[in-house]
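Sequence order for the protein chains is A and B.
Taking the numbering used here, the leading residue of the first sequence gets 1, the next gets one more, and so forth.
Taking the numbering used here, the leading residue of the second sequence gets 1, the next gets one more, and so forth.
Hints are supplied without guarantee of correctness; some may be wrong.
Pairwise CB distance ranges (calculated) [as the list claims (entries may be wrong)]:
hint, chain 1, residue 1, chain 2, residue 2, range
1, A, S12, B, P70, 45 to 53 Å
2, B, R110, A, I106, 16 to 24 Å
3, A, R108, B, S27, 30 to 38 Å
4, A, T10, B, L95, 46 to 54 Å
Calculated from the model, a selection of chain A residues having no Cβ within reach of chain B, i.e. all distances over 12 Å [said to hold, decoys possible]:
hint, residue
5, I34
6, Q38
7, E39
8, S52
9, D55
10, S74
11, D84
12, V87
Derived by calculation from the structure, the hints in this document are not laboratory data.
Each residue gets a CB set at the ideal place from its N, CA and C atoms; glycine is no exception.
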Amino acid sequence: GESVGLHLPTLSVQEGDNSIINCAYSNSASDYFIWYKQESGKGPQFIIDIRSNMDKRQGQRVTVLLNKTVKHLSLQIAATQPGDSAVYFCAEKFQGNKLVFGAGTILRVKS
Amino acid sequence: ETGVTQSPTHLIKTRGQQVTLRCSSQSGHNTVSWYQQALGQGPQFIFQYYREEENGRGNFPPRFSGLQFPNYSSELNVNALELDDSALYLCASSLNGQLNQPQHFGDGTRLSIL
């Protein structure tokens, strides 16, 4: 089927700690994955992407890990800041041109 | 570089009416995708336009239709509005829809159906 799900709907972390947001995807044929951040009243903002021929990709303070064996994706945010508070979505590229999104994880950063 | 812009930002309609939402793609992007985001959920793919033609469609009825213009801007039209059509409608642009390129989103149009 077409579904991308998240293990934890809400994640609370202390400012300065690392955050890990997890995502399970269902389509083993998907070859491209993206993480988005959505703040209240705004559209999703691209964070980082990864292709299925990779298992890790790093950006500025963020790392995406892909485990195709168990169809699992994670987003790691280093030194989490209050500005990181938002809803985070993972999405998989499906049937060539369609993004399938999960329900989202709320990240709350405590100061 | 100009990002994705959508208009209007908010809209209120009644059941049975028709609505047109507009999107200007990010400069240099030739592909536009439309999504519906209900409150508390992830965006759901409606359809994509590439080179002025529909290039993939999600599980939405025919009363959801669209257009893409030569300048790559796009419209989403919804006929016979229903209460469940109340949502945030998002437009995303990208390069060459079939390739693995990130889609960049606008801030959406909040549509409320009374």
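Consistency of the hints with the structure:
Checked against the hint of 45 to 53 Å, the pair A:S12 and B:P70 passes, with Cβ atoms roughly 48 Å apart. With their beta carbons about 20 Å apart, B:R110 and A:I106 fall inside the hinted range of 16 to 24 Å. Look at A:R108 against B:S27: about 35 Å separates their beta carbons, and that is inside 30 to 38 Å. Range check, A:T10 to B:L95: about 35 Å between beta-carbon atoms, so the 46 to 54 Å window is missed.
The claim that A:I34 lies off the interface is violated: its Cβ sits roughly 6 Å from the closest Cβ of chain B, which falls inside the 12 Å cut-off. With a least CB separation of 9 Å from chain B, A:Q38 falls inside the 12 Å interface cut-off, contrary to its annotation. Listed as outside the interface, A:E39 is inconsistent with that label: its C-beta sits roughly 10 Å from the nearest C-beta of chain B, within the 12 Å cut-off. With a minimum CB-CB distance of about 9 Å to chain B, A:S52 fails to clear the 12 Å threshold, and the non-interface call is violated.
Distance check for A:D55 against chain B: the nearest CB is about 16 Å away, which clears 12 Å, and the non-interface claim stands. The beta carbon of A:S74 is kept farther than 12 Å from every beta carbon of chain B, the shortest such distance being approximately 17 Å. The claim that A:D84 is not at the interface with chain B holds, since no C-beta of that chain comes within 12 Å of its own (minimum 18 Å). Residue-level check failed: A:V87 sits 9 Å from the nearest beta carbon of chain B, not beyond 12 Å.
When each numbered hint is compared with the structure, violations occur for hints 4, 5, 6, 7, 8 and 12.
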